[in-house]
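My request is simple: use the sequences and hints to build the entire structure.
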Amino acid sequence: MIKYSVELENITKRFGQVVAVNNVSLRIKENEFFSLLGPSGCGKTTTLRIIAGLEKPDTGVVKLHGQDVTYIPTHKRNIGMVFQHLALFPHMDVYENIAFGLRMRGFSDNDISRRVKRMLEVVRLPGFERRKINQLSGGQQQRVALARALVMEPEVLLLDEPLGALDLKIRQEMMVELKRIQREVGTTFVYVTHDQNEAMVMSDRIAVMNEGVIQQVDSPDTIYMRPKNIFVASFIGEQINFIEGVYKGNQEFEAKGGMVLRVSDNPDAINKKSVIAIRPERIMIGDKAPPRGMNSVEGRVEMMVFKGSSIEYRISANISDEIIVFVPNISPTMKMYKIGEKVYLTWDPEAGIVLPFESKPAEPRKIG
Amino acid sequence: MSRLEEERKPFHIKILDRIRASKLLKIIVLLAPASIFLAIFFFSPFIIALMYSFNMFKQVVYTYVFVPRISLEYYIRLLDFPGIFVTMQRSFYYAIVTVILTLLLSYPAAYYIGFKLDPKYKSTAVLLFIIPFWVNFLLRTYSMKFVLHDEGLVNTLLMTLGLIKEPIRFLGTDLAVIIVMAYDYMFLMFLPLYGVLEKLDKELLEAAATLGASPYKTFLKVTLPLSSPGIIAGSLLVFIPAVGEFIIPMLVGGVNTTTLGTLIYSFFITVRGEAGWGIGSAAGLIYIIFIMVLSYLYIKLVGAEVQFG
Numbered sequence: 000m001i002k003y004s005v006e007l008e009n010i011t012k013r014f015g016q017v018v019a020v021n022n023v024s025l026r027i028k029e030n031e032f033f034s035l036l037g038p039s040g041c042g043k044t045t046t047l048r049i050i051a052g053l054e055k056p057d058t059g060v061v062k063l064h065g066q067d068v069t070y071i072p073t074h075k076r077n078i079g080m081v082f083q084h085l086a087l088f089p090h091m092d093v094y095e096n097i098a099f100g101l102r103m104r105g106f107s108d109n110d111i112s113r114r115v116k117r118m119l120e121v122v123r124l125p126g127f128e129r130r131k132i133n134q135l136s137g138g139q140q141q142r143v144a145l146a147r148a149l150v151m152e153p154e155v156l157l158l159d160e161p162l163g164a165l166d167l168k169i170r171q172e173m174m175v176e177l178k179r180i181q182r183e184v185g186t187t188f189v190y191v192t193h194d195q196n197e198a199m200v201m202s203d204r205i206a207v208m209n210e211g212v213i214q215q216v217d218s219p220d221t222i223y224m225r226p227k228n229i230f231v232a233s234f235i236g237e238q239i240n241f242i243e244g245v246y247k248g249n250q251e252f253e254a255k256g257g258m259v260l261r262v263s264d265n266p267d268a269i270n271k272k273s274v275i276a277i278r279p280e281r282i283m284i285g286d287k288a289p290p291r292g293m294n295s296v297e298g299r300v301e302m303m304v305f306k307g308s309s310i311e312y313r314i315s316a317n318i319s320d321e322i323i324v325f326v327p328n329i330s331p332t333m334k335m336y337k338i339g340e341k342v343y344l345t346w347d348p349e350a351g352i353v354l355p356f357e358s359k360p361a362e363p364r365k366i367g
Numbered sequence: 000m001s002r003l004e005e006e007r008k009p010f011h012i013k014i015l016d017r018i019r020a021s022k023l024l025k026i027i028v029l030l031a032p033a034s035i036f037l038a039i040f041f042f043s044p045f046i047i048a049l050m051y052s053f054n055m056f057k058q059v060v061y062t063y064v065f066v067p068r069i070s071l072e073y074y075i076r077l078l079d080f081p082g083i084f085v086t087m088q089r090s091f092y093y094a095i096v097t098v099i100l101t102l103l104l105s106y107p108a109a110y111y112i113g114f115k116l117d118p119k120y121k122s123t124a125v126l127l128f129i130i131p132f133w134v135n136f137l138l139r140t141y142s143m144k145f146v147l148h149d150e151g152l153v154n155t156l157l158m159t160l161g162l163i164k165e166p167i168r169f170l171g172t173d174l175a176v177i178i179v180m181a182y183d184y185m186f187l188m189f190l191p192l193y194g195v196l197e198k199l200d201k202e203l204l205e206a207a208a209t210l211g212a213s214p215y216k217t218f219l220k221v222t223l224p225l226s227s228p229g230i231i232a233g234s235l236l237v238f239i240p241a242v243g244e245f246i247i248p249m250l251v252g253g254v255n256t257t258t259l260g261t262l263i264y265s266f267f268i269t270v271r272g273e274a275g276w277g278i279g280s281a282a283g284l285i286y287i288i289f290i291m292v293l294s295y296l297y298i299k300l301v302g303a304e305v306q307f308g
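Chains as they are written, first to last, in numbering that gives the first Met the number 0: chain A, 0 to 367; chain B, 0 to 308.
Among the clues, some could well be false.
To be verified - Result set (BS3-like, lysine-lysine): computed pairs, CA atoms no more than 27 Å apart in a straight line: (1) A:Lys272 - A:Lys287; (2) A:Lys255 - A:Lys272; (3) B:Lys57 - A:Lys55; (4) B:Lys13 - A:Lys55; (5) B:Lys121 - A:Lys131; (6) B:Lys216 - A:Lys116; (7) B:Lys115 - B:Lys13; (8) A:Lys55 - B:Lys164; (9) B:Lys115 - A:Lys272; (10) B:Lys13 - A:Lys131; (11) B:Lys144 - A:Lys55; (12) B:Lys115 - A:Lys75; (13) A:Lys55 - B:Lys115.
Just so you know, these hints were derived from the structure itself, not from any lab.
The following block contains the structure:
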């Protein structure tokens with residue numbers, strides 16, 4: 000039987016007129032690295048704060064390790080939390096910051112000293128006990144905040160965009176560190192971020208949120224390759240192409256202008272107005288028409304950008320005004336197409352994911 | 000920049016450029032006005048009072064003539080003065096009780112306004128708190144006579160409510176002096192407390208909660224130590240004028256509320272003459288030394304609880 004660290008059942012939270020969290024249900028498994036990903040204002044931080052008990056949900060049930068904690072105050076829940084601005088106590092040194100929680104739980108001085116020392120080794124800051132908080136770099140403060148939360152051996156560690164304030168290089172370093180620490184301590188991590196890269200790199204599973212609603216919960220690769228709706232498809236990844244049309248069933252999709260494309264099957268969408276989503280790197284470009292039986296679209300190069308590891312083309316075709324194609328830079332002798340040139344686009348039927356049409360697809364705000 | 004352009008500069012620009020270039024000049028221009036002002040109006044009277052206290056002036060008819068001597072006579076006479084130690088003790092007692100009372104009254108209010116109140120109402124709330132102190136100090140203090148009078152507001156209210164049968168005698172008592180001092184000086188405690196509490200990061204309290212600290216423990220271990228700079232500043236701001244206070248004990252107090260302040264006042268205004276000014280100056284200097292020592296000890300003691308930076 001799977002054990003769950005965190006279970007949310009039909010959680011709703013309003014702030015005045017705004018529904019911050021709308022009927023959210025989630026089950027986070029033990030020892031899982033779970034991310035809540037979405038644009039700012041999507042309700043992910045509120046969801047995290049509800050798990051911590053820092054916000055009370057209007058409706059719904061919060062369970063930690065199977066126990067209903069909806070009405071249990073934060074300080075009686077066995078959770079750890081790393082805050083966005085870290086919230087280290089400025090009037091205490093590193094040792095006292097980490098020891099704070101242990102003192103609250105009434106551990107003996109010997110025990111505290113032993114645990115703090117061990118924790119500083121886990122976060123790789125041995126010997127930093129007597130440092131003042133403002134003498135530490137951003138990355139070091141990050142580690143202290145982690146140690147302070149983890150020393151309590153919480154059942155679940157909640158992290159609220161903890162890497163947001165760090166610059167790119169330290170952030171990448173900390174991502175690897177977080178993953179290592181999570182494996183080492185074997186605690187459930189619930190990680191809130193708006194940065195898909197962070198979520199992709201670290202998570203076992205990701206819940207994509209928008210406007211208070213969970214859009215999809217899946218592993219990073221599934222989220223990327225099998226998005227369930229237009230929001231997830233466009234929020235995740237660098238770019239994606241959408242082509243409108245009607246799904247006819249039997250892996251056949253009729254695009255604008257009557258052209259039939261081979262796509263992956265989606266029984267729910269049969270004979271409905273739909274959209275196919277195709278990642279730019281799944282499309283191949285060539286100057287000759289491919290053999291019959293493959294998707295083939297004739298187009299014209301409108302723009303070409305050399306990006307180093309790849310070349311980005313924007314192609315106009317009768318099924319769409321703009322199809323983005325990424326061609327990996329695999330050889331110095333590879334053919335590069337010029338603006339105005341006629342080209343043929345080809346892709347595997349499996350690359351075309353049929354999604355339900357939305358009249359006004361929510362334009363996700365991408366930050367960072 | 001060419002020489003020609005340098006020549007074409009107006010005279011005042013040249014002067015300003017010179018000031019900007021010179022560090023020493025900058026210090027002089029920026030610091031001199033305040034320094035000279037303080038030298039004339041604080042430092043020189045201080046020296047003169049010091050000289051009076053050491054009996055370095057001799058009265059000749061209507062003028063005072065400098066005499067090169069140092070005598071401790073006035074200090075001895077001050078310490079021989081009947082009731083001098085009780086008076087000093089009383090001054091410190093009033094000041095300390097006033098500090099405690101203003102702290103107990105201001106802290107919850109500053110905490111609420113700085114922490115819990117919707118930010119858009121904060122400045123209004125602070126303003127409402129401060130408005131009473133826009134009224135002239137003397138007027139404000141004098142009006143308290145009517146509030147604390149035997150037939151004043153407080154007694155009338157308590158008697159109407161049936162809480163007391165006989166009016167409580169406030170005027171002329173320690174209680175009246177302390178109530179009025181607390182009232183007059185409360186804003187000096189409130190403002191620095193509000194300043195630190197308003198800036199205190201709320202996330203720190205949430206962090207404490209996630210670490211298992213109850214709201215009570217969080218207050219003791221986080222909020223209180225982090226607001227101690229405000230407590231120190233507020234306490235000193237109230238204590239220093241309170242310990243030398245002379246108007247309030249004279250207006251709402253009586254013969255049993257003599258303080259160091261009223262004593263100095265009466266030496267200078269009532270006794271006067273060579274001895275009055277001399278003993279008064281000696282008392283004033285002892286008062287300054289006391290304040291310096293106590294303030295230093297206080298900052299040392301309370302400041303040691305909280306180490307910043």
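Between Lys55 of chain A and Lys164 of chain B, does the CA-CA distance stay at or below 27 Å?
-> Distance of about 51 Å is beyond 27 Å: violated.
Lys216 of chain B and Lys116 of chain A: Cα distance at most 27 Å?
-> 24 Å, holds
Starting from Lys13 of chain B, check that the Cα of Lys55 of chain A is at most 27 Å away, please.
-> 66 Å, violated
Taking 27 Å as the top limit, are the C-alpha atoms of Lys115 of chain B and Lys75 of chain A close enough?
-> Holds, because 23 Å separates the two Cα atoms, which is no more than 27 Å.
Mind checking the alpha carbons of Lys144 of chain B and Lys55 of chain A for me, to see if they're no more than 27 Å apart?
-> Violated, at about 51 Å.
Compare the distance between the alpha carbons of Lys255 of chain A and Lys272 of chain A with 27 Å, and conclude whether the hinted pair is satisfied.
-> 11 Å, holds
Could you grab the alpha-carbon distance between Lys272 of chain A and Lys287 of chain A and see if it respects the 27 Å cut-off?
-> Given pair Lys272 of chain A, Lys287 of chain A is violated - Cα atoms ~31 Å apart, limit 27 Å.
Satisfaction of hint between Lys272 of chain A and Lys115 of chain B, Cα-Cα up to 27 Å = 51 Å, violated
Decide if the proposed pair is consistent with the structure: Lys57 of chain B and Lys55 of chain A, CA atoms, cutoff 27 Å inclusive.
-> 78 Å, violated
Given the hint that Lys55 of chain A pairs with Lys115 of chain B, does the C-alpha gap stay at or below 27 Å?
-> Holds - the C-alpha atoms of Lys115 of chain B and Lys55 of chain A are around 17 Å apart, at most 27 Å.
Restraint check for Lys13 of chain B with Lys131 of chain A, where alpha carbons must lie at most 27 Å apart | 47 Å, violated
Sort out whether Lys13 of chain B lies within 27 Å of Lys115 of chain B, counting only the CA atoms.
-> Violated, at about 54 Å.
Checked against the numbered hints listed earlier, the structure breaks hints 1, 3, 4, 5, 7, 8, 9, 10, 11; every other hint is satisfied.
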